[in-house]
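Just need the whole structure built from these sequences, with the hints factored in.
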Amino acid sequence: MRRFFDLLIPIEVLSPQTLQTIRELNFSGVGASLGVRPLSTNLTGSLENLKKAKSAGEAEGLDVVSRIMIDEVLSEGALRALLRKFRKRVEVFSVHALDRRLTALACRDSRVDVITLLPGSRLFKGDLVYIYEYSKGVELLMAPVQVGSPLSRAKALAYYSRTVELLQRKGLAASLIFSSGAASSKALRDPRSMASLLSLMGLTYDAALDAVSVNVERLVAECRDRLSGVVPVRGVRIVERGGDGGR
Amino acid sequence: MVVERPTYRYVIVRFLDVDASILEDKLVAALMEFGGIKGLSEVEPSVVHVDPKKGIAVIRVKREGLHLFRAALAAYEVPLVRVIKIAGTLRKAQAISSSFPF
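In the order they appear, the protein sequences are chains A and B.
Numbering follows my numbering, with no gaps: position 85 of the first sequence is 85.
If you want my numbering, it's the position in the second sequence, counting the first as 1, plus 1000.
If you're looking for bench data, these hints aren't it; they were derived computationally from the structure.
Keep in mind that the hints are not guaranteed to be accurate.
Stated by the list, open to error - BS3-like cross-link-like pairs, simulated, lysine-lysine; straight-line CA separation at most 27 angstroms: (1) B:1026 / B:1062; (2) A:155 / B:1026; (3) A:186 / B:1054; (4) A:51 / A:88; (5) B:1053 / A:186; (6) B:1038 / A:155; (7) A:170 / A:52; (8) B:1085 / A:186; (9) A:85 / A:52; (10) A:125 / A:155; (11) A:155 / A:170; (12) B:1026 / A:186; (13) B:1054 / B:1092; (14) B:1092 / B:1026.
Below, the structure is given as structure tokens:
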């Protein structure tokens, strides 16, 4: 049975009622995401909120994934500093492709797990090679298709169609993640409707369902393995630890 | 030449903050916004059963237009309805909707 995930919901939106709605919509997991602003203004409070959301989600029967998202344009040094400081404190680290330099760095750096594409973002050949090499996720958000003027929504839809086509051509369809990016609980939709929307952009319905379930679950599992030390470096997995004789 | 009869799917939904009497108009408006007249012709939605007490409705859509219908609902700014289940026949859809406790 598929387990559906919505990997990007800002932590501010994740009230107990929202968590209940997410559960009712048939999601098994949710990504509680912290942006740059709450991190810079109230660091301890934000990390505390993350812990609270995790325990509230578990009480609701949801698998809550802690995530930091870089949703503002930062310098390369600032991004590296944030990675050094927080990479081992959260399960998923993502960067919004807002700026060319930031996107290139995020693709190049193996510590970044997800690249979130916004309408207008560009991925070059080198970026796609890194995404493939490091098994990163490429995330598209539903919010730009829901909110805004009809023209901006149409442009977002057209951009997503081109991106889906590019990812399929480059053999990266399994990296695709589709999240809501909901700014309020009213923007949440059930996973199968999200998959239906994605399937109109050129994916088969099964592949679209994978983008809200299997692909996310795999990425989260990999991130958790890396964090727990089961995968100490890329390509090495500790299957079993030896006893005294294994020293 | 015989014109093939369209096949339908029956979408069981729970409507949210929408009056049952204007549900079909709202759905048509959402579909028009997303797919235009062409999209509407691919879906041809019609509300075939409403239970205002439970807040459940059954909407008939063309089978080929099911994904477009769901996508239009997902892309609409306001959540109109929440899809509960899809059935292949009206009888089954009504049985499912009557089995819901709320």
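Hints, one by one, checked against the model:
As the CA atoms of residue 1026 of chain B and residue 1062 of chain B are separated by approximately 18 angstroms, the hinted pair is consistent with the 27 angstroms bound. For the proposed pair residue 155 of chain A and residue 1026 of chain B, the alpha carbon gap of about 24 angstroms is at most 27 angstroms, so the pair holds. In summary, the hint linking residue 186 of chain A to residue 1054 of chain B is supported, as the alpha carbons are separated by about 21 angstroms, within the 27 angstroms threshold. Restraint check for residue 51 of chain A and residue 88 of chain A: the C-alpha separation of about 15 angstroms stays at or below 27 angstroms, so the hint holds.
With a CA separation close to 23 angstroms, the supplied pair residue 1053 of chain B and residue 186 of chain A stays within the 27 angstroms bound. Taking the CA atoms of residue 1038 of chain B and residue 155 of chain A, the gap is near 19 angstroms; set against the 27 angstroms cutoff, the hint holds. For a cut-off of 27 angstroms, the pair hint linking residue 170 of chain A to residue 52 of chain A is broken: about 40 angstroms separates their Cα positions. Simply put, residue 1085 of chain B and residue 186 of chain A have alpha-carbon atoms about 20 angstroms apart, close enough for the 27 angstroms limit, and the pair holds.
At most 27 angstroms may separate the alpha-carbon atoms for a hinted pair to count; residue 85 of chain A and residue 52 of chain A meet this at roughly 21 angstroms. With a C-alpha separation of about 23 angstroms, the suggested pairing of residue 125 of chain A with residue 155 of chain A holds against the 27 angstroms cut-off. In summary, the hint linking residue 155 of chain A to residue 170 of chain A is supported, as the alpha carbons are separated by about 23 angstroms, within the 27 angstroms threshold. For the hint pairing residue 1026 of chain B with residue 186 of chain A, the CA-to-CA distance comes to about 17 angstroms; that is within 27 angstroms, so the pair holds.
Using a Cα cut-off of 27 angstroms, the hinted pair residue 1054 of chain B and residue 1092 of chain B holds, with the two alpha carbons roughly 17 angstroms apart. Annotation: proposed proximity of residue 1092 of chain B to residue 1026 of chain B holds, straight-line Cα distance about 25 angstroms (limit 27 angstroms).
In terms of the numbered hints stated before, the structure departs from hint 7 and from no other.
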